[in-house]
Amino acid sequence: MSLVHKSATALLSEMQSGSVSSTEVCTAFLDQIDAHDEKIGAFLRVDRESVLAKAADVDSRRSAGGALGLLAGLPVAVKDLLCTKGQPTTCASKMLEEFVPTYDATVIEKLDSADAIVIGKTNMDEFAMGGSTENSALGQTKNPWDTSRVPGGSSGGAAACVAAKMAPLSLGSDTGGSIRQPASFCGVTGLKPTYGRVSRYGLVAFASSLDQIGPLASSVEDTALLLQAIAGSDERDATCAPNEVPEYTATVAKPLEGLKLGIVKEHFAEGLDSEVGDCVTAAIDVYKALGASVVDIELPHSKYGIATYYIIAPSEASGNLARYDGAHYGYRTSDTSPVEGEGPLVTMYRRSRSEALGPEVKRRIMLGTYALSAGYYDAYYVKALKVRRLIRQDYDAAFEKVDFLVGPVSPTAAFGIGELSDDPLSMYLGDLYTVTTNLAGVAGLSVPCGFTKSGLPVGLQLQARPFDEERLLRAGHMYQSATDWHTKTPTV
Amino acid sequence: MSIEFETIIGLEVHVQLATESKLFCRCSTKFGSPPNTQTCPVCTGSPGALPVMNRHAFDLSLKTAVALNCEIPKFTKWDRKQYYYPDLPKGYQISQFDLPMSQHGYLEISDSKDRFETKKVGITRAHLEEDAGKSMHDEAAGKADSRIDLNRTGTPLLEIVSEPDMRSPLEARAYLDELKLLLTYINVSDCNMQEGSLRVDANVNLHLQTDDGKVATPIVEVKNMNSFRAVERALAYEVDRQLAHWKKTGEKIGDVPKQTRGWDDSAEVTKAQRSKEESSDYRYFPDPDLVPITTTDEQVAKVRDSLCELPAALRSRLVKEQSITPYDAGVIVNQGRAVVDYFLEVAEGCGDGKQASNWVQRDVLKNLKENEQTIDQFGMSATSLAALVKSVKAGDLDNSRAGEVFEYMLANGKDVVASMAALGIEKVDDSALDDLCRELLAANPKVVADVQGGNQKAIGALIGQAKKKNPNVSPNDIRGKCLAMIAEMS
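Residue numbers (this note's numbering), protein chains in the order written: chain A, 1 to 492; chain B, 1 to 490.
If you are wondering where the hints come from, they were derived from the structure by calculation, not from laboratory data.
Hints are not guaranteed to be accurate.
What the hints assert, rightly or not - Stretch-level coverage of chain B by chain A, calculated; a stretch enters the list once three of its residues show a Cβ under 8 Å from a Cβ in chain A: (1) 37-45; (2) 50-57; (3) 80-90; (4) 289-297.
Owing to the predicted nature of the structure, the values given are computational and were not obtained by experimental measurement.
For each residue, glycine too, the CB sits at the ideal point set by N, CA and C.
Sequences are here, hints too, so could you generate the full structure?
And the structure:
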């Protein structure tokens, strides 16, 4: 088996035993990127030299017998909205194409102290707005299983690079499904941790109350490894939880006894592709065979999930993205010609934003600006907050009865590039099963659970109580121990 | 045409809290550093950076709110106030909208010269927010460029909004004086207007009594006032202007949008300012990057118990316990707690509040002012001054030479006894005084005749002579004794 086909956990133990060096591991993945990324387009930037320099540093410290971090020598791909000091962080936007942060995100610091090596920055929908990576202003990422199809989004590059074996581990972010849906489309494992489990400091915000950084990998075991490295409190993020971080890697392989699963009725209703439905039903049968009991659960307010999400997320985004005005960061228009009846400052703002923000980003800024405007605020934003509370209550009630909610990640498998570009509403409906996880602030895991007839991966979603990642990962690992879907790789 | 009217004034005061670091990051709040040297990803709104509340800033605002007799809600939160301006790098200001950290308080104001009746000015609310940066427009040089300094961005500001309870520019001035004094006493701000630590906006209009009943003029917000005196003058100007404008146009509240006018200190007029285009809708919403703050009754009680004696209470205590006038109490309290403590030590040491007040105001404060010193730097302890006052009171030191002794004590750091000895001052006994007077009368028959003729003032001529013969004699004693002797002669 070539190095790139090995799991992160396996590579780590081989490096620890000395049978392989970090330089060899990194070189293998860099070569894989060189060979295939022109076709896939998962990465926006890869700096081979700096990766190999860091790998050599880890190798020399290892041979000197020094203490090394949890991920020592492992390459990790990073979604290009996590700030990396001195390295561009573009959010796949023309607006930030030239933006170089002056600081590292907390998760980047944590990777650094774990001696992981950032192998490159991955493509995404502009400012994480979208579900197909088609909204990237810097290139289209393709699905490694079928390059005519999207990899999902917004963490499309993050999922595609793991699927195409260009990185063993990858960091994405999930605001309404942006880790789980691309993981599902690309046939990899992805976790959206509980809100507050991972520090958001240095994550360029889309919707602050929903954004959460999480790991993508080839298996639940590897996912647990990366979560172990990035989870925990952070005094620089007031919304980051002080909760202790359990030993995910130590317990992930321990099966759970007496597992109780809830099937969300609403997630098997109209709109679900039958092939996806069949794969998910089969996966639930696997759990039954492993001794799980399964009951029907209602999330009565989940039908308002999309509407609620598309008020709250754009509202927050309209504020978060106000800073991109041409005055301080990134793009500023070069057109200084005066406009009749408009001050030069307003002209500069208008042109800079018009020229550098993409259509989906503009759409959401406008939606949010409208929802927060005087006279509409109560009818939209305040009402959405109330529904959000009800959705959380539905989840709380469900978790009184069951350990996890189980169902599909997305109503369909990966769709064709350009297929939904002119239909934002259909695109939004693709988030149907994932947005409520973020609205409720709970954890959600996506694991591969089969393929459609045309060979596209399908994902199974498990949702867990807040801060119950430890058991969620164990449940995911149980499934992967009984199945081999996660071991399938596309022929790139 | 004379018309009866009432002036209605409300004030919005922004106070910079005396914290070492900013409200949502750890950058220094120091004034006057080179531009953009006190910034970080958080206060420059760098993508991905997050605010974390400075607890000390909240504690200072809590202290202020309690001192202003405000109610402290159990729950308060942060909101984003959204507008575009280059000195606001995030495109929004973190402020408090519908659930401020305090509300419904009051501040009592009075005038020691009784020009208005003591009253409570309502405090609508006091809320915490972050300051914006500074824009410097290079208009003088004729350049199109503007420069932005973000050192001030994120500095904690407490916005204290009063009810429209003030009825004259004088009352507005008194409110500001009292507020500043209070803030200084509780040590939450240096209130330096030149450095922008305290900024005042005023809302003013008139309620006119016309034949058709009461009519209100449009409310005008006055900005750009750089001193309390400017506030007073701007408001006085605005009262005249609004009255004249109403007489000319009959414009009343609601007829025109609320106007903002800027005070031009050199021209001594207010001028209409262009209203901000976005000012109509700030699209406030709760800041999802920050967590709400809860405050318990116990916390509020603790703050209340830890408050020092506030200026108003201190003034009444001085009037009551030291028998000084409200005016004198005001002068002393205005100097700050350290001067009050000095005064109290002198008063208690010499047993005479009135005399202590005179000495502190006349000699100590004058001296401090001349030497640009604070009371801590003053070269005479309260105990020494008390001993001096005591000597005067006991008659050991004549008032006419007390000033000289004071100067000597201050210059040489000696106590009153040593200083008197050094100056050769000693009490003149009665027989020596009698001898001296007899001698003077004998040598000056014309003075005696003048006095006998009814010109008592003529005796003054003898005082100079007496002082020459013995510098220790008291002019009053000489005058009294000589007059008595002349009276006995006839």
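A quick look at each hint next to the structure:
1. 37-45: Satisfied; 3 residues make the cut.
2. 50-57: Contact hint for the region 50-57 of chain B vs chain A: holds, 4 residues under 8 Å.
3. 80-90: holds (count 6)
4. 289-297: Holds: 3 residues of the region 289-297 of chain B have a Cβ under 8 Å from chain A.
In the structure shown, no violation is registered for any of the earlier numbered hints.
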